[in-house]
Amino acid sequence: MKITAESIYADVAKIRETSPLVHNITNYVVMNTTANALLALGASPVMAHAEQEVEEMAGIAGALVINIGTLSTSWVAAMFLAAGRAGELGVPLVLDPVGAGATSYRTKTCHDLIEYVPPSIIRGNASEIMALVTQDARTKGVDSSDPSEAALEAARYLNEKTGSTVCISGEVDYIVDGGDVITIENGHPMMARVTGLGCTATALCGAFAAVNPSFQAAASGAMAVMGIAGEIAAEGSEGPGSLQVAFLDTLFRLSEEDLKERIRIGADS
Amino acid sequence: MKITAESIYADVAKIRETSPLVHNITNYVVMNTTANALLALGASPVMAHAEQEVEEMAGIAGALVINIGTLSTSWVAAMFLAAGRAGELGVPLVLDPVGAGATSYRTKTCHDLIEYVPPSIIRGNASEIMALVTQDARTKGVDSSDPSEAALEAARYLNEKTGSTVCISGEVDYIVDGGDVITIENGHPMMARVTGLGCTATALCGAFAAVNPSFQAAASGAMAVMGIAGEIAAEGSEGPGSLQVAFLDTLFRLSEEDLKERIRIGADS
Amino acid sequence: MKITAESIYADVAKIRETSPLVHNITNYVVMNTTANALLALGASPVMAHAEQEVEEMAGIAGALVINIGTLSTSWVAAMFLAAGRAGELGVPLVLDPVGAGATSYRTKTCHDLIEYVPPSIIRGNASEIMALVTQDARTKGVDSSDPSEAALEAARYLNEKTGSTVCISGEVDYIVDGGDVITIENGHPMMARVTGLGCTATALCGAFAAVNPSFQAAASGAMAVMGIAGEIAAEGSEGPGSLQVAFLDTLFRLSEEDLKERIRIGADS
Numbered sequence: 010m011k012i013t014a015e016s017i018y019a020d021v022a023k024i025r026e027t028s029p030l031v032h033n034i035t036n037y038v039v040m041n042t043t044a045n046a047l048l049a050l051g052a053s054p055v056m057a058h059a060e061q062e063v064e065e066m067a068g069i070a071g072a073l074v075i076n077i078g079t080l081s082t083s084w085v086a087a088m089f090l091a092a093g094r095a096g097e098l099g100v101p102l103v104l105d106p107v108g109a110g111a112t113s114y115r116t117k118t119c120h121d122l123i124e125y126v127p128p129s130i131i132r133g134n135a136s137e138i139m140a141l142v143t144q145d146a147r148t149k150g151v152d153s154s155d156p157s158e159a160a161l162e163a164a165r166y167l168n169e170k171t172g173s174t175v176c177i178s179g180e181v182d183y184i185v186d187g188g189d190v191i192t193i194e195n196g197h198p199m200m201a202r203v204t205g206l207g208c209t210a211t212a213l214c215g216a217f218a219a220v221n222p223s224f225q226a227a228a229s230g231a232m233a234v235m236g237i238a239g240e241i242a243a244e245g246s247e248g249p250g251s252l253q254v255a256f257l258d259t260l261f262r263l264s265e266e267d268l269k270e271r272i273r274i275g276a277d278s
Numbered sequence: 010m011k012i013t014a015e016s017i018y019a020d021v022a023k024i025r026e027t028s029p030l031v032h033n034i035t036n037y038v039v040m041n042t043t044a045n046a047l048l049a050l051g052a053s054p055v056m057a058h059a060e061q062e063v064e065e066m067a068g069i070a071g072a073l074v075i076n077i078g079t080l081s082t083s084w085v086a087a088m089f090l091a092a093g094r095a096g097e098l099g100v101p102l103v104l105d106p107v108g109a110g111a112t113s114y115r116t117k118t119c120h121d122l123i124e125y126v127p128p129s130i131i132r133g134n135a136s137e138i139m140a141l142v143t144q145d146a147r148t149k150g151v152d153s154s155d156p157s158e159a160a161l162e163a164a165r166y167l168n169e170k171t172g173s174t175v176c177i178s179g180e181v182d183y184i185v186d187g188g189d190v191i192t193i194e195n196g197h198p199m200m201a202r203v204t205g206l207g208c209t210a211t212a213l214c215g216a217f218a219a220v221n222p223s224f225q226a227a228a229s230g231a232m233a234v235m236g237i238a239g240e241i242a243a244e245g246s247e248g249p250g251s252l253q254v255a256f257l258d259t260l261f262r263l264s265e266e267d268l269k270e271r272i273r274i275g276a277d278s
Numbered sequence: 010m011k012i013t014a015e016s017i018y019a020d021v022a023k024i025r026e027t028s029p030l031v032h033n034i035t036n037y038v039v040m041n042t043t044a045n046a047l048l049a050l051g052a053s054p055v056m057a058h059a060e061q062e063v064e065e066m067a068g069i070a071g072a073l074v075i076n077i078g079t080l081s082t083s084w085v086a087a088m089f090l091a092a093g094r095a096g097e098l099g100v101p102l103v104l105d106p107v108g109a110g111a112t113s114y115r116t117k118t119c120h121d122l123i124e125y126v127p128p129s130i131i132r133g134n135a136s137e138i139m140a141l142v143t144q145d146a147r148t149k150g151v152d153s154s155d156p157s158e159a160a161l162e163a164a165r166y167l168n169e170k171t172g173s174t175v176c177i178s179g180e181v182d183y184i185v186d187g188g189d190v191i192t193i194e195n196g197h198p199m200m201a202r203v204t205g206l207g208c209t210a211t212a213l214c215g216a217f218a219a220v221n222p223s224f225q226a227a228a229s230g231a232m233a234v235m236g237i238a239g240e241i242a243a244e245g246s247e248g249p250g251s252l253q254v255a256f257l258d259t260l261f262r263l264s265e266e267d268l269k270e271r272i273r274i275g276a277d278s
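Protein chains in written order, with this note's numbering: chain A, 10 to 278; chain B, 10 to 278; chain C, 10 to 278.
Just so you know, the hints here were simulated from the structure itself, not pulled from any lab data. This structure is a prediction, so every number in the text was calculated from the model and none was measured. Hints may contain errors.
The list makes no distinction among identical chains, and a pair is therefore deemed to hold if it is satisfied within one copy or across any two copies.
Keeping only pairs whose Cα atoms sit at most 25 Å apart, straight-line, the calculated SDA-like set for lysine to any residue is [said to hold, decoys possible]:
#1 117 x 69
#2 170 x 51
#3 23 x 201
#4 23 x 192
#5 117 x 60
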């Protein structure tokens, strides 16, 4: 299957038309901004984390997004309950391993979640993706001295082990699935100065996964839309404050032309 | 009592002059944006949810706003404590039943809260208000096939049973109290693409209820101000990002002229 | 040591160059906006509050910022754990006693935290700083009828007792340490209509404390940068919504010229 500006825009149109419900168990920092990004794109966000209700909520959702950015005991319990229910029902599950590697609590929670229900899509930066691969695996297979090469090795290993589409975001985004690697080279450096745009990318993966059963296509679409909307927004901005505002406006107005003109997508395997 | 642009602006002026303290036990998604809306209008927001302090905080507040958007066990316990104290002291209590009907935990929590302390004002969308009426009541009295008619029936039933002013927000807002129904037809469709503007409406109900003992007048004022500020903001906006920014600016600058020129208020009974 | 526009800009340059990790245990209302302010200035924010990980996170941070704005049992436990670790390792600790004096839970938590690990910097408004001084101390030493004089007395007492640099923010900011009082008179009244700019000031104190071992210089730099960025932002704004956006843009672009032209710094002892 070929992923193009046209195929991605078809997914955007489907999101706008069907407004899929995206259930987020996410961190406090980005709840507002990711809900707004999902709404601006056309999806219906819901945030719910109580153990009493997450299974019911995940059961009616088009996708479940789990983001461990500000995890704690009861939230982790809710993540497992919701993930279990999503797994049973075939609801696409997207995981953002925020800060994996920074503390052992984060790293272990991610390892356990992935083992409990392999996600449809895992999206993180290079160091987070590497932290998902155990030391054992790293010493065996992942020994590149080039960090982006090492992350790519980790993503390949993780994809093979779990079946999850693995997305490494950075200056170049890599979307790894079954030997195929899609690359997206959109975006703008000022995006790194706005909190939670990585988390937003993950949330948009949820929206795309709710309308496209190919998780590699879904993750590629989300990353392309993020990067292109970020580029357009940054061009008219004075700094990260106005970038944020323009980013939501751009998501709302994003056209097939915007995608066609700007997309920088590639594939290597 | 006649509710007019002039009477609503008198409440706005009183809020600006007296800066009533509005105690919010609200959801994580909208804490920042509702605090900002209250400040922009001229009120003093405080967010506090610890069981150790909510009674003390509710006791010094001009109004208490309870919003169940991201409820969990200890937050629900705090909601009951604060509501109980507000009830004892006669502090106006505003309830936003976010997502009632979506999960049984939300529905049940709302039913229990309303039974424990009948709110001064309940504000929700049509499906949330309908979820507050038990199946039993619905089969008896609320059987319209027109959804907005059904919501209105539910609001009338709820008002009669609890004494709460019930506000259904939507393209037309209905503020139901004792047989009288005020309608407000301000607003803009793009407002639905910004997260938490419903929650903001509820928070503003708190500010108005702190300065006006007629809860129907208070809720009508809050809904008119929301709709008019949203209209003005949307007219100058490129999308939901800039709408949010302009909405706060407009609340801050809102004049009696803005209200007089734009208000679309009606009454039927 | 003389604190000047030049010395403050040198700290800004160092923050931009070294991107110190600032670990925040802060309130839900401002998590997003303080993370964005830290990023806009050039620091690296992380928000983490789980008891399982706060010691590890505080241990790798350049500064720890504790803000009690929406405290609860498990968060307070995490604050003590993180503060203890910061104290052991000499990581600068900044405390924001949000709402101290409003409820006894807040007042007592602050007293206990300060006794457990004296902060490097305490920043609050006049009434919060006064609430940190016990009734006993107040009746003994702090009996001015002028509220700003009373707050200054409380700050001096607190500084003497704990060694903490104490910063009272308001129309004039006072940064008290060892008999010396630095005053900063920058800022704009509209800043009071944006939620959490006080919390942002505290977070920026963390960024400055991570690069400057003089905590009085660090707090003075943070307050000057806040006030000046707020002034510049307010000048081009229609209200508190656009002020917020422009504030982040201004922090991102703030130049040595901006500081030199606008700083209103003084010292008395």
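Going through the hints against the structure:
1. For the homomeric pair residue 117 and residue 69, the shortest alpha-carbon distance between copies (18 Å) is at most 25 Å, but the shortest distance inside one copy (29 Å) is not.
2. For the identical chains of this complex, residue 170 and residue 51 are neighbours neither inside a copy (34 Å) nor across copies (38 Å), given an alpha-carbon limit of 25 Å.
3. When the C-alpha separation of residue 23 and residue 201 is checked against a cutoff of 25 Å, the pair qualifies only between copies, where the shortest distance is 18 Å, while the shortest distance within a copy is 29 Å.
4. In this assembly of identical chains, residue 23 and residue 192 lie within 25 Å of each other by CA distance solely inside one copy; the values are 23 Å within and 35 Å between copies.
5. For a Cα distance limit of 25 Å, the shortest separation of residue 117 from residue 60 qualifies both inside one copy, at 20 Å, and across copies, at 15 Å.
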